[in-house]
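Student: So the sequences go chain by chain: A and B. Residues 1 to 111 in my numbering are what the first sequence spells out, letter by letter. Residues 1001 to 1114 in my numbering are what the second sequence spells out, letter by letter.
In case anyone wonders, no lab produced these hints; they're calculated from the structure. All of these numbers come straight from a predicted model, not from anything done at the bench. Mixed in with the good hints there might be a few duds.
Said to hold, decoys possible - Stretches of chain B that chain A covers, calculated by requiring three or more beta carbons in the stretch to come under 8 Å of a beta carbon on chain A:
(1) 1035 to 1045
(2) 1096 to 1108
What the hints assert, rightly or not - In silico contact screen, one side only, chain A against chain B (beta carbon under 7 Å); selected entries:
(3) Gly42
(4) Gly103
(5) Leu111
Said to hold, decoys possible - Label pairs and their computed distance ranges (CB to CB):
(6) A/Thr109 / B/Glu1020: 28 to 38 Å
(7) A/Lys22 / B/Trp1083: 27 to 37 Å
(8) B/Ser1070 / A/Thr5: 41 to 51 Å
(9) A/Lys9 / B/Val1060: 21 to 31 Å
(10) A/Thr5 / B/Glu1020: 30 to 40 Å
Even for Gly, the Cβ is constructed at its ideal location relative to N, Cα and C.
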Amino acid sequence: GGIITQTPKFLIGQEGQKLTLKCQQNFNHDTMYWYRQDSGKGLRLIYYSITENDLQKGDLSEGYDASREKKSSFSLTVTSAQKNEMAVFLCASSIYAETLYFGSGTRLTVL
Amino acid sequence: TQTVSQSDAHVTVFEGDSVELRCNYSYGGSIYLSWYIQHHGHGLQFLLKYYSGNPVVQGVNGFEAEFSKSDSSFHLRKASVHWSDSAVYFCAVSPSSNTNKVVFGTGTRLQVLP
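Bound conformation, chain B alone:
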């Protein structure tokens, strides 16, 4: 069974700062990794995903994530955040043996201060 851990429940930064949101997973085989964003009162929206190839993947709105097999990680980054990036961010994993079973982490609430 795959598991995913997001160690930071809350992250606060100032507008224009860079940010990294951490995601670590546990699974013995090949895995799909994704990030989603949830604005208050809404469902989740897809940001980006990784399965193979270049370990750095680009997403929407300037987000990128980097896969590391050695660290079992898929951290999300943005070079310069905007106040509208304030939201909850979820990391998700699914094994290639059963890609339909998508498991989410507990989420990281990002607060961007003006």
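For reference, chain A alone in the conformation it holds in the complex:
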């Protein structure tokens, strides 16, 4: 079996700071995803990537950048953290969207 590893597990930032979240998968999956999870709002798709160096915007891409330099890794950058922002960012991977496999998340708090 494979695993999705998200780092860091907890991220505390300052308002206006650029923050980077990382995700690694060893499933050898083609597609990777970044979702944001806010209480009561479910998961919202930020970016996804169907192969190395590909990027596709989701419904919530404003304020974020992403990078897929290798098949196994997918990073997400919050370009300017918003004060009092709190959310969980979930990374996932899949083959042809058959089944998504998720990491355990990065919890972001902005002071």
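Given the coordinates of chain A, work out where chain B should sit on it, guided by the hints.
Tutor: Here is chain B on its own, set in the frame of chain A:
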């Protein structure tokens, strides 16, 4: 663009009860439908999916879901719940024209009381 709606934010039942968690979607074409479960502090785990064929699909741990094209629904059911089924359940949809764009609902928190 596909959308998915889970009308119940919270559902509370007793252990041994049956439960149905509702999911409705909006999309004009062919669609993939899935259910995922999230236990507190963890990522989501796949339960089951539907694309075509028998509208009733079986998943893990006794869960099943039924697709209805006329109702644009994909409701999740379990005949007899256990306390360990307490979790948040998410419905997800992706169009067959772009199966990589997977959109999730807002989730239903299921609480199973002893």
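Student: It remains to establish, for every hint, whether it holds in the given structure.
Tutor: Hints, verified against the model:
no. : hint                             : verdict
1   : 1035 to 1045                     : holds (count 6)
2   : 1096 to 1108                     : holds (count 9)
3   : Gly42                            : 4 Å, holds
4   : Gly103                           : 5 Å, holds
5   : Leu111                           : 22 Å, violated
6   : A/Thr109 / B/Glu1020: 28 to 38 Å : 36 Å, holds
7   : A/Lys22 / B/Trp1083: 27 to 37 Å  : 36 Å, holds
8   : B/Ser1070 / A/Thr5: 41 to 51 Å   : 43 Å, holds
9   : A/Lys9 / B/Val1060: 21 to 31 Å   : 26 Å, holds
10  : A/Thr5 / B/Glu1020: 30 to 40 Å   : 36 Å, holds
Hint compliance for this structure: hint 5 is the single one not met.
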